[in-house]
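Chains as they are written, first to last, in my numbering: chain A, 1014 to 1291; chain B, 379 to 658.
A portion of the hints provided could be inaccurate.
Claimed, not checked - Lysine to any residue pairs mimicking SDA-like chemistry, simulated, CA-CA at most 20 Å apart:
id : chain 1 : residue 1 : chain 2 : residue 2
1  : A       : K1017     : B       : R649
2  : A       : K1290     : B       : R416
3  : B       : K644      : A       : N1223
4  : A       : K1017     : B       : K644
5  : B       : K652      : A       : D1230
6  : A       : K1225     : B       : D585
7  : A       : K1225     : B       : L545
8  : A       : K1017     : B       : A434
9  : A       : K1290     : B       : V588
10 : A       : K1017     : B       : K479
11 : A       : K1290     : B       : E589
12 : A       : K1017     : B       : L545
13 : B       : K644      : A       : A1174
14 : B       : K479      : B       : R416
15 : A       : K1225     : B       : R649
16 : B       : K641      : A       : D1230
Rather than coming from a laboratory, the hints here were simulated on the basis of the structure.
Everything numeric in this text was worked out from a predicted model, so none of it was measured.
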Amino acid sequence: MRYKIDYARLWDEQHARSLAQKKRMGEDRGKFWSNQDVVDRFVRNVISGDRSRIESQIAGMQIPPGSSVLDIGAGPGTLAVPLALAGCQVTTVEPSAPMGAAMEEYRRLVNAPPIREIRSRWEDVSPEEAGVHDVVVASRSLIMGDIRNSLLKMDAAAKRAVHLYWFISSPPSSGGNDELWPALHGEPYHGEANADVLWNVLCQLGIYANVKVETRDRDRCYSGFDEMREDYYNRLSVKEDWQREIVDAFLLDRAVSEGSGYIVPGRSRSAHIWWEKD
Amino acid sequence: MAVDYISLWNEQREAANRQKQIKNDGESFWENPENIRRFVDRLMNSDRSRIENQLAAMQIPAGSTVLDIGAGPGTLAVPLALAGCDVTVVEPAAGMRAALKEYREMAGAPEIREVPSRWEDADPAEVGVHDVVIASFSLALDDIAHSLKKIDAAARRSVHLFWFLTLPTWTRANLSLWPELHGSEFAAEPTADLLWNCLCQLGIYPDITVEHVEKGQHYPTEEEAVADYCRRLYVQDDRQREIVTSFVHERIVRTGAGFTIPKASKTAHIRWEKFPGAGK
Chain A
1014 MRYKIDYARL WDEQHARSLA QKKRMGEDRG KFWSNQDVVD RFVRNVISGD
1064 RSRIESQIAG MQIPPGSSVL DIGAGPGTLA VPLALAGCQV TTVEPSAPMG
1114 AAMEEYRRLV NAPPIREIRS RWEDVSPEEA GVHDVVVASR SLIMGDIRNS
1164 LLKMDAAAKR AVHLYWFISS PPSSGGNDEL WPALHGEPYH GEANADVLWN
1214 VLCQLGIYAN VKVETRDRDR CYSGFDEMRE DYYNRLSVKE DWQREIVDAF
1264 LLDRAVSEGS GYIVPGRSRS AHIWWEKD
Chain B
379 MAVDYISLWN EQREAANRQK QIKNDGESFW ENPENIRRFV DRLMNSDRSR
429 IENQLAAMQI PAGSTVLDIG AGPGTLAVPL ALAGCDVTVV EPAAGMRAAL
479 KEYREMAGAP EIREVPSRWE DADPAEVGVH DVVIASFSLA LDDIAHSLKK
529 IDAAARRSVH LFWFLTLPTW TRANLSLWPE LHGSEFAAEP TADLLWNCLC
579 QLGIYPDITV EHVEKGQHYP TEEEAVADYC RRLYVQDDRQ REIVTSFVHE
629 RIVRTGAGFT IPKASKTAHI RWEKFPGAGK
C-alpha cells in the first residue's frame, strides 16, 4: 500500500503553531515587516549589501526580458526592481506599506520602470486581482496558511513557470532562534515548515517540481553591533533586561565584524523550487 | 511531528519483496534470460535519447572514476567507459553481467570492473571510493538508511540517482489489474519522493530535476506486448491471460515500426555534491 501523508495539513499546523507563538508574544508577522528599522535594514542590504544571492537567484530563474512577472511578498523590491530593470513587466503583492514605500525609493534610485503594486496578503488576493503572468515568483515569502489554496492560486496565476525560494533550516541557520528561544521564553521555538515539506505539498497537489539546494554563509548583515542587537531583540521578542543579557552574551560570543559591519556566522540552506506549466 | 521516511521506505520495500517472493517462485525477474534479451535488444536498437540526456545531465568529466550501482546490461556504464571514465559496476545478476560484457565488446569500450553483488551485500572495501556514484533505475534497495549512507561514503565528488517519481506504466497496470488477477492489493516499490525525503532525513539535501517521459515501450507485435505484460503481472492461467489481453488491446497503439502502449510518467534525477558550498 502507498502511505499517504497529508503534507498540506502538516504545513498548515506548523504555520498555526508558529503564528500562535508570535501572537502570544504580542507580535504578529505583519508588525515585524512594517517595523521601520527592519525595513531600513532590508533596503540597505538590498542596495549596498552582498548582491551575489540576488544575482544568482535572477540568473537561476532565466526569465526572458519582456516577460510579465508576479512577485509575491516582494518586500523592498529585492527581486522586483532588478527584474523591472531587466525589462520585465512586474506586479508585486506585498501587504506592508513601509516595504512598498521602500521599494518605490529603491526603484527611483536605480531608474527602473514603474511596478504595479497590490497591497495585500497573497491569501487575500482574488484570482481576478492577481491576474495571469508569464512567471510567478515568491522568494522567502511563504509564511502562509492554507498552503494548498495559496499554491494552487500561484499555479493558476502563472502562464509559463513558478519559482519559489524557501528555507531548509537546520538549527544553526535559524539565526539563533532554536538556541535562544527556550532560554528566553521557556518553550521551544516554533518556526515555519521547511522547504522539504513544501516540495511534498506540491507533489500532493500533482505538481512535480525541480529543486536546487543552495548552501551559503549567513547573509543577514548589520551595519553595527547595536543594530544587530536591536534586530535580535526584535526577532526574539525580548522585553526584559535579563533576556537582553542572554542575547548580548550570545552575540558577543558569535558575532564577528566583517568589513564595516557585523554578521553572525553559520550555514544556511535554502531551496529553489520551480516548475514549468505544461 | 517529524515523519520517519526511512521506516516508510523499508516497510514499503518489505511488502514489495514479499509479493515478489510469492509470485516469483524464487526466480528473479533479472535472471530470466528472456527478460534480459528484451532489455539488451531495446538497449541496442531503440531510441537512445534518454540515455544521452542522462549522460549530458550528469556532466561527468573524462578520466573520472565512476561506480554504477545496479548497472544492468551496461546502459550507462558502457557509454561512460567509452567516454574515458574508469567504470566499476555493482550488478548481482549473472545474466546482466554477461549482457554487459557483450555490449561492451560490441561497442569497443575499455574494461569495466565488476562487483557481482547486491548493493546491500557489497563489501565497501571491495567497492572502493569513486569520484562519482550513479544508480539509474536501480533504487529498489533494502535497509535504505544504510544503503544510502554507503552510496554517499563511496563517492568523492557527487552522486546521481535516477528513479521513478510517478509510477511507470506497467506498475500502474499492476495497480489496476493486480486485485482482479491475484485477489490482493498491489505492493508498489517506493517512489523518488520518498527517496528524497529519506535523504533529507539523513541530512543530505539533494537537488531534484524532474523529467517528463512520454514514450511507450515498443513491441514488434501485439502478442509480444501481451506476453511482456503477462510476465510482469505473473500471469499463470487463461482467465488471467484474458484479462491482460483485453487490457493491452484497449491501450495499444500502432506506430511506424510496430506497437506501443503510450505512457506518460515522471522520473527524478536526484543529485548531490559531497561538499556543498565548498569554494564559495
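Holds or violated: K644(B) with N1223(A), Cα cutoff 20 Å?
-> 11 Å, holds
Holds or violated: K1290(A) to V588(B), with C-alpha atoms at most 20 Å apart = Holds. K1290(A) to V588(B) sits at ~13 Å (cutoff 20 Å).
With a cut-off of 20 Å on the C-alpha distance, tell me whether K1017(A) and K644(B) pass.
-> Since the Cα atoms of K1017(A) and K644(B) sit roughly 19 Å apart, the hinted pair holds (cutoff 20 Å).
Has the given pair, K1225(A) with R649(B), been kept, meaning a C-alpha gap of at most 20 Å?
-> 10 Å, holds
Restraint check for K1017(A) with A434(B), where alpha carbons must lie at most 20 Å apart = Given pair K1017(A), A434(B) is violated - Cα atoms ~34 Å apart, limit 20 Å.
Regarding the pair K1017(A) and K479(B), is the alpha-carbon distance no greater than 20 Å?
-> 42 Å, violated
Distance restraint between K1290(A) and R416(B), which requires alpha-carbon spacing of 20 Å or less = Roughly 35 Å separates the two Cα atoms, so the pair is violated.
Could you grab the alpha-carbon distance between K1290(A) and E589(B) and see if it respects the 20 Å cut-off?
-> 13 Å, holds
Taken at face value, is the distance from the CA of D1230(A) to the CA of K652(B) at most 20 Å?
-> Roughly 17 Å between the alpha carbons, so the hint for K652(B) and D1230(A) holds.
Within a Cα-Cα threshold of 20 Å, do K1225(A) and D585(B) meet the stated pairing?
-> It holds: about 5 Å lies between the C-alpha atoms, which stays within 20 Å.
Compare the distance between the alpha carbons of K479(B) and R416(B) with 20 Å, and conclude whether the hinted pair is satisfied.
-> Holds - the C-alpha atoms of R416(B) and K479(B) are around 16 Å apart, at most 20 Å.
Within a Cα-Cα threshold of 20 Å, do K641(B) and D1230(A) meet the stated pairing?
-> 44 Å, violated
When held up to the earlier numbered hints, the structure conflicts with 1, 2, 7, 8, 10, 16 and fits the remainder.
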